[in-house]
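Novice: Taken in order, these protein sequences are the chains called A and B.
Here the first sequence is numbered in the working numbering, starting from 1 and rising by one per residue.
Here the second sequence is numbered in the working numbering, starting from 1001 and rising by one per residue.
Note that these hints are calculated values from the structure, not bench results.
All figures in this text were calculated on a predicted structure; none of them were measured in a lab.
All C-beta atoms in this analysis are idealised placements derived from N, C-alpha and C, irrespective of residue type, glycine included.
Any given hint could be a false lead.
20 Å max Cα-Cα, derived EDC-like pairs, lysine to aspartate or glutamate [unchecked claim]:
1. A:K292 with B:D1228
2. A:K289 with B:E1247
3. B:K1257 with A:E223
4. A:K15 with B:E1162
5. A:K4 with A:D173
6. B:K1263 with A:E223
Chain B is nowhere near these chain A residues, computed Cβ spacing over 12 Å in every case [what the hints assert, rightly or not]:
7. D2
8. K4
9. A54
10. V82
11. V130
12. V171
13. E217
14. E223
15. P238
16. K259
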Amino acid sequence: MDAKIFVFITHTDGKADDSALELVTAARSLFPGCTPNALVAGSGVGPVCQEVAASFGEVWKFDQAALAYPNAELLRPLLVKVLPAGATLLLAHNTFGLDLGPGLSVKLGVTYVPDVVGVDGLEGTTLKAVRQEYAGQVSAHVHCDIARGAVITVRPGAFKPAEAGAAAGQVVDRSEDATGLAARRTFVELIQAEAGDIDITREDVLVSVGRGIGDKENIPLVEELVEAMGAALSCSRPIVDAKWLDKARQVGTSGKTVKPRVYLALGISGSFQHVGGIKGNPFLLAINKNPKAAIFQVATIGVVADLLELLPVLTEKILKSR
Amino acid sequence: MEILVCVKRVPDSAENEISVGPGGADIRREDLVYSVNEWDNYAVEEAIQIVERVGGNVTVVSVGDTEAEEIVRREMAMGANQGLLATDAAFTGSDGLGIATILEAVARKTKYDLILTGAQADDGAAQVGGMLGALLDWPYASLVNLIKVEGDKALRIGREIEGGSQEISDIELPCVLSIQTGINEPRYVGIRGIRKVASVEIPVLDGGALGLPPETVGAAGARVRRVDYFVPQTGAGAEMLTGSTEEVAGKLVDLLKAKGGIK
Ligand SMILES: Cc1cc2nc3c(=O)[nH]c(=O)nc-3n(C[C@H](O)[C@H](O)[C@H](O)COP(=O)(O)OP(=O)(O)OC[C@H]3O[C@@H](n4cnc5c(N)ncnc54)[C@H](O)[C@@H]3O)c2cc1C
Ligand SMILES: Cc1cc2nc3c(=O)[nH]c(=O)nc-3n(C[C@H](O)[C@H](O)[C@H](O)COP(=O)(O)OP(=O)(O)OC[C@H]3O[C@@H](n4cnc5c(N)ncnc54)[C@H](O)[C@@H]3O)c2cc1C
Chain A
1 MDAKIFVFIT
11 HTDGKADDSA
21 LELVTAARSL
31 FPGCTPNALV
41 AGSGVGPVCQ
51 EVAASFGEVW
61 KFDQAALAYP
71 NAELLRPLLV
81 KVLPAGATLL
91 LAHNTFGLDL
101 GPGLSVKLGV
111 TYVPDVVGVD
121 GLEGTTLKAV
131 RQEYAGQVSA
141 HVHCDIARGA
151 VITVRPGAFK
161 PAEAGAAAGQ
171 VVDRSEDATG
181 LAARRTFVEL
191 IQAEAGDIDI
201 TREDVLVSVG
211 RGIGDKENIP
221 LVEELVEAMG
231 AALSCSRPIV
241 DAKWLDKARQ
251 VGTSGKTVKP
261 RVYLALGISG
271 SFQHVGGIKG
281 NPFLLAINKN
291 PKAAIFQVAT
301 IGVVADLLEL
311 LPVLTEKILK
321 SR
Chain B
1001 MEILVCVKRV
1011 PDSAENEISV
1021 GPGGADIRRE
1031 DLVYSVNEWD
1041 NYAVEEAIQI
1051 VERVGGNVTV
1061 VSVGDTEAEE
1071 IVRREMAMGA
1081 NQGLLATDAA
1091 FTGSDGLGIA
1101 TILEAVARKT
1111 KYDLILTGAQ
1121 ADDGAAQVGG
1131 MLGALLDWPY
1141 ASLVNLIKVE
1151 GDKALRIGRE
1161 IEGGSQEISD
1171 IELPCVLSIQ
1181 TGINEPRYVG
1191 IRGIRKVASV
1201 EIPVLDGGAL
1211 GLPPETVGAA
1221 GARVRRVDYF
1231 VPQTGAGAEM
1241 LTGSTEEVAG
1251 KLVDLLKAKG
1261 GIK
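So that you can see chain A by itself, here it is in the shape it has in the complex (with noise of 0.2 Å):
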């Protein structure tokens, strides 16, 4: 079984993403014990592959010059061409994960499960899995017949790393299968997020505004109690989206990552993308006036309120009370 069990593995700046390591911990949960393979894409990927060796049955290693830049619609056909019949691949659910797993589960006529956040095991070739709906106000349990294969994209941070080391891994040398490859979209460049005029991602106490605020009107509100803080505003992203904020204040996966101290959430629903952009534990405290909002999941102090009303009165009691 284990011959059919592949992880893709991407990688930054010649190092595998933490993604590689909680992927064989998916992997396990859903084929105890199993070792599964993994793939390595790219140009030069001759020390991510010996790097990952260690956790995985055989590393297949695509080194190609047209590869540099993970273009997934050049990969979903090498893919299609190499996988076997009948193979299960797992990947993280992050922006090149989601750019090439739907398609890649029709061009293999495997069945396609997103998003994967828990498993609950497999029964003959059922696969049980837990996904979460509505910004993960609620989760969901879904079956699936795999016989013939999936295509499963796992969440970022649901799964604990694996520990790495326990495999004998044998580096495979594919290169060859990944010549020829052509796609009708080419990368030309890439352009890095522009810095802006505060670094968030030094503070360490932040109060972070959501969607919840209703309006640009209201955000003077949480300034003030920003201020009677000392702290520094962050937000989520229709924050940004809105324009109410700098695209530099937002936190998430597609905005920075920080590690306050102290975490002050308002209005914020808690979805994994803005939640996976704040790490190293802090005392999270959360307002929002929904009892059922994923925010209380993660937080550490919750308070089922209207914004509008409780922070006047809590910015005045701070003011009141320095």
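Chain A is already provided as a structure; the job is to place chain B with the ligands on it using the hints.
Specialist: What follows is chain B with the ligands alone, placed relative to chain A:
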């Protein structure tokens, strides 16, 4: 440019408390407020802006029950030229592939140059656009936050990736793109806009009209079965503070002080 935009009617998760219904078979739907999936508004706005620049038509399609007509109409009020509703009892219980299969059949009825979807919907799956691209055998890009039309054969696009960096690519037409929020500022739709399109006819396409055998879509064709909904047990969860606004604010001040949150 002929553009098809796929839109989904979803419970507005910013407005609703979502809870699990009896036996976990579904969420409680009695009092839910529905709207257009947030990402899809950005897709429709982008399509309208492209057509404003280079000419063409925007068609909006939704797969759903007859109630989905109301969101198709809303997107027409934004400025889409045409609306379509794909509805059939046999479509009920479709998985992502089922929805993509229905949309593929819609796309094959007319010649489109570009199809836009949202990056993701309420299920957080982010699957339909990529599947649709593969079914049509068109190139695909997800999380698009920039579109420039370069002649009539290609687009220059940006994808927003981790950390907010932008990956620039060229993509051939026809193609499928999934749109990320923030690519534009979707226009406001007022009562007057809605009134103007209130009596426009929205053609309805069923499985017969789309040439879809019932066993390929809906619950019958689904490879992924949602068995039930439940509320996860995640550790201890937050300690919840209760009391009057005054009391809660007081407790918060004490906690913040103790943890160094007030400097
Ligand atoms: C690829 C990708 C990357 C992403 N990256 C990021 C990212 O980096 N950062 C990010 O934040 N998001 C990101 N997102 C978006 C993410 O999926 C969510 O849509 C977003 O985090 C929601 O922001 P929010 O919690 O502010 O809004 P919502 O989910 O709309 O939540 C608003 C909350 O406010 C509460 N509320 C409403 N009114 C009040 C009131 N008066 N008082 C108190 N509470 C109230 C509501 O109950 C609700 O819980 C990304 C999405 C994708 C697809
Ligand atoms: C009663 C019920 C039963 C269901 N049962 C199952 C089940 O058994 N198994 C299962 O896997 N799923 C099931 N679903 C989920 C449902 O089929 C989803 O709509 C489907 O998976 C696609 O939506 P998504 O949120 O995954 O789309 P995403 O891939 O997250 O959405 C991306 C984009 O695709 C487009 N899109 C998505 N849906 C539509 C649509 N309906 N019309 C037009 N465009 C659309 C939009 O542009 C959207 O922005 C069920 C849903 C309902 C309501």
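Novice: Each hint needs a verdict: does it hold in this structure or not?
Specialist: Verification of the hints:
{"no.": "1", "hint": "A:K292 with B:D1228", "in the structure": "holds, 18 Å"}
{"no.": "2", "hint": "A:K289 with B:E1247", "in the structure": "holds, 17 Å"}
{"no.": "3", "hint": "B:K1257 with A:E223", "in the structure": "holds, 19 Å"}
{"no.": "4", "hint": "A:K15 with B:E1162", "in the structure": "holds, 16 Å"}
{"no.": "5", "hint": "A:K4 with A:D173", "in the structure": "holds, 18 Å"}
{"no.": "6", "hint": "B:K1263 with A:E223", "in the structure": "holds, 15 Å"}
{"no.": "7", "hint": "D2", "in the structure": "holds, 24 Å"}
{"no.": "8", "hint": "K4", "in the structure": "holds, 18 Å"}
{"no.": "9", "hint": "A54", "in the structure": "holds, 26 Å"}
{"no.": "10", "hint": "V82", "in the structure": "holds, 17 Å"}
{"no.": "11", "hint": "V130", "in the structure": "violated, 8 Å"}
{"no.": "12", "hint": "V171", "in the structure": "holds, 27 Å"}
{"no.": "13", "hint": "E217", "in the structure": "holds, 16 Å"}
{"no.": "14", "hint": "E223", "in the structure": "holds, 16 Å"}
{"no.": "15", "hint": "P238", "in the structure": "violated, 7 Å"}
{"no.": "16", "hint": "K259", "in the structure": "holds, 15 Å"}
Consistency with the previously given hints fails for numbers 11 and 15, ordered from lowest to highest.
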